[in-house]
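Chain by chain, the residues run as shown.
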Amino acid sequence: MRLDMADRQLIDRYQRDLPVSERPYEDMARELGLTEAEVIERLSTLQEQQVLSRVGPVFEHSQAGASLLAAVAAPDEQMDLVAARINRAPGVNHNYAREHTYNLWFVMTAPNDDILEERLDELEHQLKLPMLRLPMVEGYHIDLGFDIDWEALP
Amino acid sequence: MNLPATRQDQNYLFDTQSISAWGLLRLREQLENGLPLAPRPYLTLAERTGLTEQQVMQAVSQWQQQGLIKRLGLVVKHRTLGYRANAMAVWNVPDDRVSELGKALAASPVVTLCYQRPRRLPDWPYNLFCMIHGIDRNRVQSQLQKLVHEHRLEDIPHAVLFSNKAYLQRGGRYVSDR
Chain U
-13 MRLDMADRQL
-3 IDRYQRDLPV
7 SERPYEDMAR
17 ELGLTEAEVI
27 ERLSTLQEQQ
37 VLSRVGPVFE
47 HSQAGASLLA
57 AVAAPDEQMD
67 LVAARINRAP
77 GVNHNYAREH
87 TYNLWFVMTA
97 PNDDILEERL
107 DELEHQLKLP
117 MLRLPMVEGY
127 HIDLGFDIDW
137 EALP
Chain F
38 MNLPATRQDQ
48 NYLFDTQSIS
58 AWGLLRLREQ
68 LENGLPLAPR
78 PYLTLAERTG
88 LTEQQVMQAV
98 SQWQQQGLIK
108 RLGLVVKHRT
118 LGYRANAMAV
128 WNVPDDRVSE
138 LGKALAASPV
148 VTLCYQRPRR
158 LPDWPYNLFC
168 MIHGIDRNRV
178 QSQLQKLVHE
188 HRLEDIPHAV
198 LFSNKAYLQR
208 GGRYVSDR
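In order, the protein sequence lines correspond to chains U and F.
Residues in the first sequence are numbered from -13 upward in steps of one, following the working numbering.
Residues in the second sequence are numbered from 38 upward in steps of one, following the working numbering.
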């Protein structure tokens, strides 16, 4: 999807450091030479277009609660069905098909480890597929946003 | 859970040291869905949680300082923009080298995420994970080859798992299930 220059600047400047002030969108507008209404309008449109998943905080998982990366090997013809079941499980927030014997990879979060384990046990039982459970041992670089190479995009 | 409107006006009931735990939990829950796109988003959150606008801003700032909020900003769905070649490169690194290598790989601008996870033998021998969000597969493959060469990883077993479909992508819900 091609975005205009103002949208690109908005994204480049504010993947982090969104102002914490009474009128944050006005502060952003001033910096980018837009109006507050225009910033709000652009953010809403970008959200509708699925360019942004949201405007807001990314929580540090180790402080925020429990989270875990898991994978299952679904039979090829049941991929969509298994993926839909995974999506319905409480706390699932990412779910991707990947090219491997373990072909569905998802992240589940929960308030604490016990609830997380219970939910994973329940899902594993429903799916009747063995599940790889891969908690994070140490993070070296995690979700700080990254620079978008606008020129290289299709 | 709406509180009487008067509570907003009675700021003197709250001192800055004692924001209610209940209000903070409600705020965490609200924030997991993102910031409202309205002129005074922190005031909107205050109205939904029974806190004051100042308390909401104070809590958000404190959570940033404490590291609970890692970043506050626009969360991009890269796939929509055209980052379609999302590769998870996984390595089976000797345990005594994983931390050193993880930090080295994380420093590369093409690596967007990097972390250690446990092996699950015999099915899963890999313990170091790197994500590369790429625009096309060839470019990602050559970025990977460059990483292998630069960090002398030729002898370390690895696999590259490209994603071919995103079934779900949204922020983590820790305190809310919606």
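Incorrect hints may appear among the rest.
As the list claims (entries may be wrong) - To be clear about the criterion: a stretch of chain U counts as covered by chain F if any three or more of its residues have a C-beta under 8 Å from a C-beta of chain F, and this derived list gives those stretches:
hint: 1; region: -9 to 2
hint: 2; region: 6 to 14
hint: 3; region: 30 to 38
hint: 4; region: 42 to 56
hint: 5; region: 101 to 114
As the list claims (entries may be wrong) - In the DSBU-like style, the derived pairs of lysine-lysine whose C-alpha atoms are separated by at most 35 Å in a straight line are:
hint: 6; chain 1: F; residue 1: K183; chain 2: F; residue 2: K140
hint: 7; chain 1: F; residue 1: K114; chain 2: U; residue 2: K114
hint: 8; chain 1: F; residue 1: K140; chain 2: F; residue 2: K202
hint: 9; chain 1: U; residue 1: K114; chain 2: F; residue 2: K202
No lab work stands behind these hints, which were simulated from the structure alone.
Glycine is no exception: its CB is placed at the ideal position from the N, C-alpha and C atoms.
These are the hints, each one checked on the structure:
Requiring three or more residues with a Cβ within less than 8 Å of a Cβ of chain F, the coverage given for the region -9 to 2 of chain U holds, as 5 such residues are present. Residues of the region 6 to 14 of chain U with a Cβ under 8 Å from some Cβ of chain F number 7, which satisfies the need for three, so the listed coverage holds. Restraint check on the region 30 to 38 of chain U versus chain F: 7 residues with Cβ-Cβ distances below 8 Å, three needed, restraint holds. Counting residues of the region 42 to 56 of chain U whose CB lies closer than 8 Å to any CB of chain F gives 12, which reaches the minimum of 3, so the coverage claim holds.
Coverage of the region 101 to 114 of chain U by chain F is violated in this model, with 0 residues showing a Cβ closer than 8 Å to a Cβ of that chain against a need of three. This hinted pair checks out: K183 (chain F) and K140 (chain F) have alpha carbons roughly 16 Å apart, not beyond 35 Å. Note on K114 (chain F) and K114 (chain U): the hinted pairing holds, with a Cα-Cα distance of about 31 Å set against a maximum of 35 Å. In summary, the hint linking K140 (chain F) to K202 (chain F) is supported, as the alpha carbons are separated by about 29 Å, within the 35 Å threshold.
About 22 Å separates the Cα atoms of K114 (chain U) and K202 (chain F), which keeps this hinted pair within 35 Å; it holds.
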